[in-house]
Amino acid sequence: MAAEVETIVSVENLRKSFGKAVAIEDVSFQIRRGEVVGLLGANGAGKSTTIQILLGLIALTSGKISIFGMDPWKQRVAVLSRCNFSSAYVALPYNLKVIENLDVFAQLYGVNNRKKKINDLLDLFEVGHLAAKMTGGLSSGESTRVNLCKALLNDPEFLLLDEPTASLDPDIADKVRKLLAQVQAERQMTVLYTSHNMRDVQELCQRVLFLHQGKIIAEGSSQAILQQFGQETLEEVFIAIARNQVSSSLLSGDVK
Amino acid sequence: MILVRPGRVMGLCHRYFYIYTRSGFRLLDVVFWPVMDLIVWGFVAKYFMRLDSANPTAITFLIGAIIFFNILNRAQQSISVSFLEDLWSRNLLNAFVAPITVAEFVASTFVVGLTQIFAVALIMSGLAFCLYTFNILTISFALIPLFLNLLVMGWALGMFTTSLIFRFGHQAEALAWAVPFLIQPISAVFYPVSVLPDWLQPVAYLVPATYCFEGMRAVLSGHGDITSYLLTASALNLFYFLSVCLFFAAMLNNARERGALAKLVV
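The listed protein sequences correspond, in order, to chains A and B. Quick note on my numbering: the first sequence kicks off at 5 and runs consecutively. Quick note on my numbering: the second sequence kicks off at 3 and runs consecutively.
Since the hints were derived computationally from the structure, they do not count as laboratory data. We put the beta carbon where it would ideally sit given N, CA and C, even for glycine. Any given hint might turn out to be false.
Using C-beta positions, here's what the derived DEER-type ranges look like [as the list claims (entries may be wrong)]:
#1 A/116 with B/120: 28 to 34 angstroms
#2 B/237 with A/192: 28 to 34 angstroms
#3 A/248 with B/247: 48 to 54 angstroms
#4 B/9 with A/24: 42 to 48 angstroms
#5 A/135 with B/49: 51 to 57 angstroms
Construct the complete structure from the given sequences, taking the supplied hints into account.
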């Protein structure tokens with residue numbers, strides 16, 4: 005009998021409302037160790053709210069979340085020390101040099117042998133030559149790769165990536181995607197990945213969660229979702245959902 | 003339970019060190035206003051000294067008050083402006099999702115504030131000696147506990163201001179600079195409480211700084227036991243500081259409930 009794979013993230017009946025507006029409605033999913041899961045949905049579908057709840061920035065209204073078997077609200081520091089986060093929309097302090105920023109975050113994450121760790125990551129992402137450059141002066145591609153160095157400083161077991169390839173040209177996006185795939189495979193990292201770039205998702209994610217108006221309406225491998233929606237590509241599925249061009253039973257999430 | 007780990011506080015302090023030393027304007031902001039206060043008010047006091055009815059200790063009172071008020075102001079700003087620094091550099095999200103406690107975050111701003119205060123006090127003391135022959139070293143050590151009380155009150159005000167920014171968002175940013183000046187008129191900074199109208203005096207006596215400034219004048223004029231000032235200021239500070247810690251935690255949780263924290267930091 006195959007050994008049971010450990011569940012890293014467990015979300016049960018998650019609900020979040022802001023006053024009368026419901027942002028997340030009865031969302032449940034699990035992510036197993038080493039799995040890369042894509043969280044997809046149009047703007048306002050609830051992706052960012054879900055990630056921000058997992059990170060402890062937003063309190064949930066009801067439901068239960070467990071990360072590494074711990075309550076991230078009550079055992080925040082223990083959970084966050086094993087996680088990390090990177091977003092195309094969240095900058096590192098612009099008025100610090102790259103090396104200073106990484107050193108500060110290495111201290112915050114309690115990284116041992118900081119200098120070696122930072123240099124290894126800078127080399128891995130081919131940005132060693134930027135170490136002494138001011139972070140505010142980096143291009144989008146450079147900034148993304150430096151952010152990813154920060155996100156891997158503590159060898160996270162669970163990595164949350166919010167549109168890491170947004171605003172990158174196809175060449176840099178491809179490099180970043182390949183590097184992420186390589187690092188994930190080597191370290192067996194668990195990854196929750198949001199992106200509007202369907203190619204990212206098809207290449208990197210083993211499983212996809214489609215959110216629509218705060219509900220998960222589809223869940224499975226890219227191939228299974230294509231079959232379910234009768235489309236050729238994830239991009240077509242995305243557009244069909246965003247424009248309500250699929251049957252009401254699919255949109256309501258009754259068919260998964 | 004983890005509250006404050008020195009390594010994490012040092013990491014946060016390093017970040018502020020880089021931010022301040024990298025920007026001449028930031029450093030200027032820390033030093034410029036206290037020095038301007040000292041120069042302008044010092045010369046005003048010198049001018050009043052020439053008038054027949056002037057009290058010869060007036061300049062000492064005034065310079066002492068300026069230095070003490072800047073301690074309060076700097077302590078408050080070390081927390082509120084440091085928080086805004088993070089907000090403006092869009093870095094709060096990275097800090098909030100790092101495994102650091104709120105206590106470590108606040109402790110680092112205390113350390114940054116203390117460093118700034120010692121630097122500013124040193125510069126102002128040197129300037130006061132050069133311009134007005136005001137030698138801070140000749141002042142009684144009795145002023146030190148009053149200084150510490152102002153420091154604690156400044157930190158409490160800084161946490162209060164930051165709590166209001168959690169609650170009201172960017173529109174409350176101006177409070178980061180305004181709060182010490184809002185309470186200045188009732189803190190007996192430049193004049194004794196007895197100058198205030200009768201109905202306002204009880205309000206002034208609710209402010210810990212009032213006892214610090216009254217105590218400072220008693221020490222500088224060379225008479226008066228300041229024990230009662232000190233005890234009252236310490237008791238009020240303890241009460242306010244603990245209350246503000248609870249208020250800070252409540253506002254932070256409220257911001258998480260409303261999703262306002264995420265909006266503020268992203």
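Checked hints:
Taken as a hint, the range 28 to 34 angstroms holds for the pair residue 116 of chain A and residue 120 of chain B, whose Cβ atoms sit roughly 32 angstroms apart. Between residue 237 of chain B and residue 192 of chain A the beta carbon distance is about 57 angstroms. The supplied range of 28 to 34 angstroms is therefore violated. Between residue 248 of chain A and residue 247 of chain B the beta carbon distance is about 49 angstroms. The supplied range of 48 to 54 angstroms therefore holds. In this structure the hint that residue 9 of chain B and residue 24 of chain A lie 42 to 48 angstroms apart at CB holds, the actual value being about 45 angstroms.
Distance hint for residue 135 of chain A and residue 49 of chain B: a CB-CB separation of about 55 angstroms, consistent with the stated range 51 to 57 angstroms.
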